[in-house]
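Make a model of the complete structure from these sequences and hints.
If you read the protein sequences in the order shown, they are chains A and B. Residues 1 to 440 in our numbering are what the first sequence lists, from first letter to last. Residues 1 to 243 in our numbering are what the second sequence lists, from first letter to last.
It should be emphasised that the hints constitute simulated quantities derived from the structure, not laboratory data. All residues carry an ideal CB built from backbone N, CA and C; glycine is no exception. Careful: at least some of the hints might be erroneous.
With the C-beta cut set under 10 Å, the calculated list includes, among others, these residues of chain B facing chain A [stated by the list, open to error]: (1) S48; (2) E50; (3) P55; (4) A76; (5) R79; (6) P97; (7) A99; (8) G100; (9) R104; (10) P106; (11) L185; (12) T187; (13) D191; (14) K215; (15) K236; (16) K240.
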Amino acid sequence: MRRGLAAALLLAFAASAGAEEGEPPAWAKALRLRGRLAEEFAYRLHDPGDVSKIKTLGWLEGKYAVSESVAVRAAVRGWYDAVFEATDRYPANVERDQKTDLSLREALLLVGGGDLDVRIGRQQIVWGEAISTFVTDVVNPKDFREFVLPDFSELRIPIWALDATYRVAEGVSFEGVWTPDTRTNKLPKQGAEFQFARFPYRFRNPVVRLPDDADEFSLARSEGGFRLSVLRQGWDVSLIYYDEADKSPVLFQRRVAQPPGPDVIVLDPQHPRLHILGATLAKSFEPVVVRAEAALTLGKRYETADPLDPDGVVRRDTLDWLVGVDYTFFETVDTALQLSQKVLTGSATNLARPGVAAQVTTSVTLRVTTGFFDNTLNPTVLVVAGLNRGDFRLSPRIDYLVSGAVTLSIGADIFEGPHRTLYGQFDRNDRVTFTTTWRF
Amino acid sequence: MCKLALGLGLALVLVSGASADEAADLVREADRARRPADSFVWKIAITSQEAKKAPSVDGFEVFVKGGGRVFVRFVAPPRNVGRSLLALGRDLWIYLPDAGKPVRIPLSQRLVGQVANGDIARADYAGDYDATLVGEESVDGVACHVLDLKARSKDVTYSAIKYWVSKEGRRPMKAEFYAGTGTLLKTGVFDNFKDVGGHRLATRLTLTDAIRKDKRSVLDYGEVTVRDLPDKYFDKNYMKTLD
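In structure tokens form, the structure reads like this:
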């Protein structure tokens, strides 16, 4: 990986050197390299007030156009988080999990012929119209080790997949996706800054939690689906079906006799099969854009604290839907307002998953952004609030465009609400952030 | 008397109809001075300046195919590289690498400086506006027709445009862009006419804020390549491939 990175950098310098001497060679014209370096610093506001991130990140992306219809793309990302040198607040398992990372974010062969385009390799496949939430964005697993705070393109975990799109007619396209790469969501370890609230089990017996060994390539457990997109008279509609294993673990319980001692409760993380039916819609009614999205997840299971339930898990098919509007006030203030709901087919009593406040869980998202001084200073405010129990997330940020390549950002992430809510669980994790990004 | 009034009325209708046709022709011909062919690629640089601050420059590669299809790739500065815009008629999407998907946006949303997304992606005045000849004026010594353009629907960038088109050559010279409230938003000046592929084209448009006269953006239209572009370049699901 490191040798490949060095070779790519050498190629970039060679290409630019060639350009200085005159017309660049043909291969250099077909090659595009770009990347960025960022320094991210976060300071936790609540006791104990302390640094929570001193992360140096780098990305390098390349695209080589072999011909008009064939191209290859690759992207790598790496980071080093020095916070583990600056504080001993995090346990060793968190340090092992989050201190360094070097990953292949993209390795794609793109082949296009006529109305058919095929993308084969490691990639992100992104569906949906929503902002700041996932409804029909179901193909890639997610990295939740920093909750949902990073950009979604950083949150999604790339998978090895085949993605083919065929243009059936003008404004109509059919996309099929298949992957044997059955990766699951990455969750924060015990003791991490954004570890999720633990399920309120009340066991009197000893408990053993089995490891989650679900990540594997498996033809038998392949995942896949399709999306039909239609654009007619400005109405942008798509229908989606996806078949996958639940990317989050569901803890099934069983009792194991351990004579002469008490029975042991074994928590076995499993990934039940899901069938997702979805639809998206977007339409411009200038100067307003309306967007909507819905996903019905069949086979969804949730842990229950009901002591009478034999395996501690209940099935609740789930409908997630949202509707949003975008409007620009005074020609300069871009706003996006979104209402969303999660609806369970059954009672939510005894379900203690953050994000499920009741049988119908409602939330509102508002994002406001504008620009000053010829858009060199861009403040943004994002508010996401759960209406059932009053928990919310407030993320203000100011981006200062120092130059065409350098951006400074200062921001905060504030969480409030009852402990067993999606945002309230991080009530004591409020932080301020400083980020410097250099793009090349 | 009734016949005279009827005759005069008919004459007025015919004359106004003829004027309306002439106005529409003027706008159509002026539109041609801003597009060299039915299918082409144009490199545009937008220099935005405010007061005495150093100007900022944004670069775009604009792919145009007849029928109101425009794809805009952001090529400079580095912070914008990877972004793109797609306009199909009055429908607009932006592709942001951070989002990983195309997102529907309104035409009026800000692009850069004084330039709205619609200024780059949708500049077909003949298709979007009803034109009326309202007079004649001179702009920088050039005799011009003056036209009032009213938006045909709410789905366009500006509610109204006051447009000066030269009598000789029917070239766009100047424009004033208005909001629905009648507020003047900005003014535009077309100049730097050059012969490109047999067409006389306006290769510079300067947009100035109506209130803050020291805020302006200059669109410089550079290298143009006339070629047949594949239809898939104008499919929103193809935007990530063109990144």
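Against the structure, the hints come out as follows:
no. : hint : result
1   : S48  : 5 Å, holds
2   : E50  : 4 Å, holds
3   : P55  : 9 Å, holds
4   : A76  : 7 Å, holds
5   : R79  : 5 Å, holds
6   : P97  : 6 Å, holds
7   : A99  : 7 Å, holds
8   : G100 : 4 Å, holds
9   : R104 : 4 Å, holds
10  : P106 : 5 Å, holds
11  : L185 : 7 Å, holds
12  : T187 : 15 Å, violated
13  : D191 : 22 Å, violated
14  : K215 : 7 Å, holds
15  : K236 : 7 Å, holds
16  : K240 : 8 Å, holds
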